[in-house]
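So the chains spell out like this:
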Amino acid sequence: MSRYLSILWTFARACLVRDMTFRANFVLECVTSLGWMAMNLAFYLLVFQFTPEIGAGTGWSKAPFFAFVATGMIINSVVQALFMPSAEELTELVRTGGLDAVLVRPLDAQFLLSMHRVDFSSLANGFVGIGLLAWAVPRLDQPPPPIAWAVYPMLILCGVAILYGLIIMLAAATILMGRNQSLYDFWFYITNFSRYPAEIYAGPWGGPLRAACTFVIPILLVVNVPARVIAQPLTGQAWWPVSGTILAALATLVISRRVFQSALAKYRSASS
Amino acid sequence: MLAADEPVIRVAGLAKEYRVFDKPEGLLASIRGIFHRSSRVVDALRGVDLAVGRGEFVALLGPNGAGKTTFLKLLSGIITPSRGTAHVLGHVPWERADDFRRRFALVMGQRNQLWWDLPAAESFRLHQEIYRIDPTRFARTRDALVDMLGVRKLILQPVRELSLGERMKLELVAALLHEPEVLFLDEPTIGLDVVAQHTIHEFLRHVQRERRVTVMLTTHYMKDVAALCERVVVITHGDILYDGSLVDIVDRFTTHKIVTLDLEDAAAARRLAGCGYPCEIRGPQAILRIDRTRIADVLPDILRGGNVRDVSVEDVPLEEIVAELFRSAPARQAAQEAAS
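Chains as they are written, first to last, in our numbering: chain A, 1315 to 1586; chain B, 28 to 367.
Derived from the structure by calculation, the hints contain no laboratory data.
Glycine is no exception: its CB is placed at the ideal position from the N, C-alpha and C atoms.
Where hints are given, some of them may not hold.
Claimed, not checked - Listed next, with one range per pair, are the computed distances between beta-carbon atoms:
#: 1; chain 1: B; residue 1: G92; chain 2: A; residue 2: P1467; range: 53 to 61 Å
#: 2; chain 1: B; residue 1: R138; chain 2: A; residue 2: L1564; range: 34 to 42 Å
#: 3; chain 1: B; residue 1: Q360; chain 2: A; residue 2: L1471; range: 36 to 44 Å
#: 4; chain 1: A; residue 1: L1355; chain 2: B; residue 2: A148; range: 41 to 49 Å
#: 5; chain 1: B; residue 1: R138; chain 2: A; residue 2: R1571; range: 25 to 33 Å
#: 6; chain 1: A; residue 1: L1564; chain 2: B; residue 2: A124; range: 42 to 50 Å
#: 7; chain 1: A; residue 1: L1490; chain 2: B; residue 2: A148; range: 33 to 41 Å
Stated by the list, open to error - Covered stretches of chain A, going by a simulated chain B footprint (3 or more residues, C-beta under 8 Å):
#: 8; segment: 1315-1322
#: 9; segment: 1329-1339
#: 10; segment: 1512-1522
So that you can see chain A by itself, here it is in the shape it has in the complex:
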């Protein structure tokens, strides 16, 4: 474990050195990322000018909702910083045969492929998320109890784990198909569902969608469960989604690992 952490640190260090080599690009990426986030926040502020709550009786008024948005920002920034740059590069690695060099290294291929690039500029959103959470929490009707603060970081990790598992399964598809340039698009469509409270998925279309995004692809658990623990009163019933999220994270990690291993066994490599 310490060896993998040390290698991850070496990757991170090398990526930081590279980012500092292209400083203007790094600053531009931070500004773009923060700009996109600012536009989203402005849009939500606009929505709350017209309604006090998203969905009557759901509990997602302004402060809880911004705690929700902050939780999403923290989780997504970790994923975007640690895993997405590597996943985006994977398509090219498979297409050009660069994956060969990874497979001959005495190290877990999944680790190497999914974590060899770190995008520090994406962490900017995470810091904004923490700031937003610090703004929202004192404005909640009920302050989160200590148990909620204890569970929250673990659920954040579970959310990251679920998203990581999905990235790995998309990566496996890339290895099997030889080319999957829509990986990032598909990822964007899927994760879009996680950006809003689950309550908005209601009615004849929303109900089945909510079930699918909870039990089949557990994308709705990623942000909803940790955000709910912090932003809404912690009742006895809240523990079911908490345990469900932990189980979903474990299952996603195990299944994605198997899918990835099976894809690697079928890897064809590109002609030289």
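Here the structure of chain A is known, so what remains is to put chain B in place on it, guided by the hints.
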């Protein structure tokens, strides 16, 4: 643990098939292809047997698409075979055991394994972490390798700013930092100038002799083969056509020698055109192809004819022998199949 006399690489009946999809031309055919695609099976490697001992330097020769790189990819565990077995350093390569992957290296001339935007020193450091190389040993090996290749000044320069030859030298340093017992080289001198090729030849020869590294090299440059390899394996259409020494390949597949005569003038050279052997005239120079078995009889007669300033007798160039071998491969393979 392998016994000292046991082969480091042992391969039996190793075969790799690929299913490839045909893509017919035209828009309509492309649309039809969405619903139905015709495919066929291509034999990249068909039941290869081979054993390589510790410290051998083996050249894998073959035309493009012969299966050389596929063979190296199977031996390094990148892909899995359709049939057959292989053991490298006592391991089944495609099981990808860490203990196995720590003991070999693969260098591909057409692919860059160093971090593109960073100095090679950063990639070396990463290599040290991945292969768990003791810091003292790492520093000693790195310094020895960079000095041998004369690239000490380059390791702090971003890789993207280096020339192809400089990059390849640094790729070799990276590959050898963990002191592998087996080295797979896939066209390591491709696109390099003669100086860089020569430096790499010297370096590889030194490394192989000093460390008893087993090396398998694929190349299209016969200079690489002549400079480095004692043993040659010729692969065509996924089969081994020849496995033997470099000296034997010349004896076995050529019937004549090249005799180059420098004469007094062009007229003297032209007179040799009627000597009964294939003859090429280049000014005052005559190049004859004479049967190997008859050289001793024929040469004195020619020299007695006079006007000869200098003479050289050489084997047919290796490029020519190998090219002929590749050309005649289908007929040879058909004959072998018929005989078996």
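Do the Cβ positions of R138 (chain B) and R1571 (chain A) conform to the proposed distance bound of 25 to 33 Å?
27 Å, holds
Does 36 to 44 Å hold as the CB distance between Q360 (chain B) and L1471 (chain A), or does it fail?
59 Å, violated
Cβ-Cβ distance between L1564 (chain A) and A124 (chain B): within 42 to 50 Å?
27 Å, violated
Confirm or reject the claim that G92 (chain B) and P1467 (chain A) have a C-beta distance inside 53 to 61 Å.
55 Å Cβ-Cβ, so the 53 to 61 Å window holds.
Verify the CB-CB distance for L1355 (chain A) and A148 (chain B) against the hinted window 41 to 49 Å.
Since L1355 (chain A) and A148 (chain B) have Cβ atoms about 43 Å apart, the given range 41 to 49 Å holds.
Quick one: see if chain B covers the segment 1315-1322 of chain A, three-plus residues with Cβ-Cβ under 8 Å.
With 3 residues close enough to chain B, the hint holds.
Counting residues of the segment 1512-1522 of chain A that have a beta-carbon nearer than 8 Å to any beta-carbon of chain B, does the count reach 3?
Since three or more residues must qualify, the claim that chain B covers the segment 1512-1522 of chain A is violated, with 0 doing so at under 8 Å.
Confirm or reject the claim that R138 (chain B) and L1564 (chain A) have a C-beta distance inside 34 to 42 Å.
37 Å, holds
Please test the hint of 33 to 41 Å on the beta carbon pair from L1490 (chain A) and A148 (chain B).
36 Å, holds
Check of the segment 1329-1339 of chain A against chain B for coverage (Cβ-Cβ below 8 Å, three residues minimum):
holds (count 4)
Violated hints, in rising order: 3, 6 and 10; the structure is consistent with all others.
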